[in-house]
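> Those sequence lines, one after another, are chains L and U.
Numbering follows my numbering, in which position 140 of the first sequence is assigned residue number 140; successive positions increment by one, without gaps.
Count along the second sequence from 1, then add 497; that gives the number in my numbering.
Among the clues, some could well be false.
Quick look at which bits of chain U chain L covers, simulated, 3 or more residues with Cβ under 8 Å [unchecked claim]:
no., stretch
1, 527-537
2, 552-560
Some, not all, of what chain L presents toward chain U, calculated at C-beta under 10 Å [said to hold, decoys possible]:
no., residue
3, Thr45
4, Ala248
5, Ala338
6, Gly342
7, Glu343
8, Ala354
9, Lys362
10, Met366
11, Gly368
12, Tyr380
13, Pro424
The set of hints was computed from the structure by calculation and includes no laboratory data.
Note that the structure is a prediction, hence the values are computed from the model and not measured.
By construction, the Cβ of each residue, glycine as well, lies at the ideal position given by its N, Cα and C atoms.
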Amino acid sequence: MSLTDLTIAEAAAGLASRKFSAVELTAAHNDAVAALNPRLNAYITTTPEHALAQAAAADAAIAAGAAGAAGPLTGIPLAIKDLFCTAGVRTTAASKILDPFVPPYESTVTAQLLAAGAVFLGKANLDEFAMGSSNITSGYGPVENPWKREGSDAKLVPGGSSGGSAAAVAARIAMGATGTDTGGSIRQPASFTGLAGIKPTYGRCSRYGIIAFASSLDQAGPLARTVEDCAILLGAMSGFDARDSTSAERKVPDFRAAAARGVKGMRIGIPAEYRMEGMSAEIDALWQKGIGWLREAGAEMVDISLPHTKYGLPVYYIVAPAEASSNLARYDGVRFGARVDGEDLIDMYERTRAAGFGAEVKRRIMIGTYVLSAGYYDAYYLKAQKIRALILRDFTEAFAKVDAILTPTAPSAAFGIGEKMDDPVTMYLNDVFTVPSNLAGIPAMSVPAGLSSEGLPLGLQVIGRHFDEETVFAVAAAIERAADFTAKPSIIAGGAK
Amino acid sequence: MALCCPKPKGNLMSLDETAVRRIARLARIRVDDAEVVTLRGELNAILGYVEQLNEVDVTGVEPLSGGAQMAMRLRDDVVTDGNIAEQILANAPDRAGMFFAVPKVVE
Numbered sequence: 001m002s003l004t005d006l007t008i009a010e011a012a013a014g015l016a017s018r019k020f021s022a023v024e025l026t027a028a029h030n031d032a033v034a035a036l037n038p039r040l041n042a043y044i045t046t047t048p049e050h051a052l053a054q055a056a057a058a059d060a061a062i063a064a065g066a067a068g069a070a071g072p073l074t075g076i077p078l079a080i081k082d083l084f085c086t087a088g089v090r091t092t093a094a095s096k097i098l099d100p101f102v103p104p105y106e107s108t109v110t111a112q113l114l115a116a117g118a119v120f121l122g123k124a125n126l127d128e129f130a131m132g133s134s135n136i137t138s139g140y141g142p143v144e145n146p147w148k149r150e151g152s153d154a155k156l157v158p159g160g161s162s163g164g165s166a167a168a169v170a171a172r173i174a175m176g177a178t179g180t181d182t183g184g185s186i187r188q189p190a191s192f193t194g195l196a197g198i199k200p201t202y203g204r205c206s207r208y209g210i211i212a213f214a215s216s217l218d219q220a221g222p223l224a225r226t227v228e229d230c231a232i233l234l235g236a237m238s239g240f241d242a243r244d245s246t247s248a249e250r251k252v253p254d255f256r257a258a259a260a261r262g263v264k265g266m267r268i269g270i271p272a273e274y275r276m277e278g279m280s281a282e283i284d285a286l287w288q289k290g291i292g293w294l295r296e297a298g299a300e301m302v303d304i305s306l307p308h309t310k311y312g313l314p315v316y317y318i319v320a321p322a323e324a325s326s327n328l329a330r331y332d333g334v335r336f337g338a339r340v341d342g343e344d345l346i347d348m349y350e351r352t353r354a355a356g357f358g359a360e361v362k363r364r365i366m367i368g369t370y371v372l373s374a375g376y377y378d379a380y381y382l383k384a385q386k387i388r389a390l391i392l393r394d395f396t397e398a399f400a401k402v403d404a405i406l407t408p409t410a411p412s413a414a415f416g417i418g419e420k421m422d423d424p425v426t427m428y429l430n431d432v433f434t435v436p437s438n439l440a441g442i443p444a445m446s447v448p449a450g451l452s453s454e455g456l457p458l459g460l461q462v463i464g465r466h467f468d469e470e471t472v473f474a475v476a477a478a479i480e481r482a483a484d485f486t487a488k489p490s491i492i493a494g495g496a497k
Numbered sequence: 498m499a500l501c502c503p504k505p506k507g508n509l510m511s512l513d514e515t516a517v518r519r520i521a522r523l524a525r526i527r528v529d530d531a532e533v534v535t536l537r538g539e540l541n542a543i544l545g546y547v548e549q550l551n552e553v554d555v556t557g558v559e560p561l562s563g564g565a566q567m568a569m570r571l572r573d574d575v576v577t578d579g580n581i582a583e584q585i586l587a588n589a590p591d592r593a594g595m596f597f598a599v600p601k602v603v604e
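With these hints in hand, go ahead and build the complete structure from the sequences.
Structure (C-alpha cells):
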C-alpha cells in the first residue's frame, strides 16, 4: 500500500514503529500534491518546503522518543482550510480582497494541531469567505471533485464551502484536513467526496484566528477518510480558549474511544420532516439502509418529529447574511487586504469592496444589510431569531426521547460544475438537512454510506446532543462498519482506481 | 416540503432599483447599472424564499441569538498584549510612519 493511501491511525502506527519516516511520508504527499493539484485546484497555497521542515522536526521528536512524548499527530500531513490564519503563510479566505494578507499570528486550532506534531501541506481552497455549497464562488477558481460519474468525464463540484479540504483528502493529497461548518460546509463536501466529517458542538473548537463568516454558527471541525481519523483530529483541535468568548470550558473527551463504543441499546430518532418531496429515491433508500444497519447493531429506532425543520433554511438565510454583513465590514482597504483608490474615503471603501468581493459575497452582505436596516430588523432578523429558538426547542424535545438522530446529509450526490447556478436559492437548498444543527449549536457528522446509481458517494448524517460528540462518533462508526465503504475516486494519488 | 424555489408573492417585500442602490450604499459596495438589475432579481428571490417565515406563530417566543448553551463569560479587565504595532501595520495597504494612511478626509 502506498504511503498516501494510509489512514492517519495507520500512518501514526507506522511512524511509531519506524516503518517509514515523517520526511518520507510528507515527501510522498508533496509529490502527490505537485502531480494532482494543478488539475484539482484543491490548494490555493502549497508549502512543501515548510512541510518537509516540520516533518524533519517530527522525525527528531520520534527519534528522541520517550513513548508518548511526541504528540498524537506527529508527522501527519494535513491540509488547512484557507480560512484559518497561519502565521507567516498567506491566508485568503478564497477572496481577492485578502489576496495579499499574511497573518502575523496563528489560529488556536492550527496552533493546537502544530503542538500535536502535525505537518501542514498547504492552504485548501474554499468558497469565498466560506459562502457556498460548491466551491464555485472561490476567487481562486473552482475545485474539481476527484470522483466522476460512471462513464462520464464531466467535472463535478466537491461541495462546499470546505471543498478544497474535501477534494484533497479524497484524492489522497492530504491525510486529513481542517474545515469549518456554518451551515453544512464540512458535512456536505464530506458527503460529496466519500469522507467522514464532523461539525462539533458550537464552542468545542476555538474560533480565534478563523476568519469570521457568521459568528453564532461558525464551527471548526475535521474531514478525514475514517471516523477514527476524525476522532483523532477533533481531539487535537478541541478545547477551551480564553481568546474566544464563546469557547466552552469543558474537558475534551476521548473521541477515539467513543468511536469504538457500539450502539447497543441506543435510541436513534428518525425525523419525519427530513423525508422531503423531490428528494431522490436513492437517498431515501440509503437512509432506510442506515436504519437497518443500526437496528442490526442493537439500536432501537424511534420515529420523531422536528416540526420546524422546513424553516431552518430561511432562518439561516437571514441570520447568516446579517452576521456576515457585520463581520465583513472590516474589509475596507485600510488595515489589511487589497485597496482600490478612490476620490475620497467613502469612494475608496466602495471601490475596494466592489473589486475585492465576488458576486455571492456581495449578495449576502446586501441581504444582511437589508434585514438589519432600520424598519426591517423586527420583521426579518428578530423574527428569524425567534424561529431559531423553536428549531432548538424541536431538538431539545427530541433528545428527551432519543440519544442521536439519523438523517441523510444532503438531498443529492455531487452535481456538475455549472449546474444549480440559475438562482441563489437553488444552490442554498443543498444545505437543507445540515443547517438546523448549526442553528441549534449541536454536533453533527457525515459518514460515507454508499454509492449512487451513477457511482458517486452519498453520506448519512448523525446528529447528537450538545457536547455529546461521543455518541455521534459511536453511531457514525457503527454505520461505517456496516457500510464497509471501500470505493475510491477516479482521480487519486498514485494513479486511477 | 418541496425542493423547489418559491417565487416572491406579490410586491410586499419586493425591492425596486432605488432600494437596491440604497442597500449597496449602506453596505459600501459600488454597483453599476447592470449589477443593480441582476441584484434586484437575486435579492428578491431570496426575500421571496424567506417570506414563508411569516407562517410561524412566534407569540411569546424569546429570540435565540447564538449556538452557545451558556452565559457569556466575563474576563478580567487586564492588558494581555501590546507593543506589536509593526505586526498590526504589516498588512496595511498604505501607511505613514506608525499610522494607517487613508485618502484625505478633512480639507
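> All hints are to be evaluated individually against the structure, with a verdict given for each.
Going down the list of hints, with the structure as the test:
no.	hint	in the structure
1	527-537	holds (count 3)
2	552-560	holds (count 5)
3	Thr45	16 Å, violated
4	Ala248	7 Å, holds
5	Ala338	7 Å, holds
6	Gly342	7 Å, holds
7	Glu343	8 Å, holds
8	Ala354	4 Å, holds
9	Lys362	6 Å, holds
10	Met366	5 Å, holds
11	Gly368	8 Å, holds
12	Tyr380	7 Å, holds
13	Pro424	6 Å, holds
Checked against the numbered hints given earlier, the structure breaks only hint 3 and satisfies all the rest.
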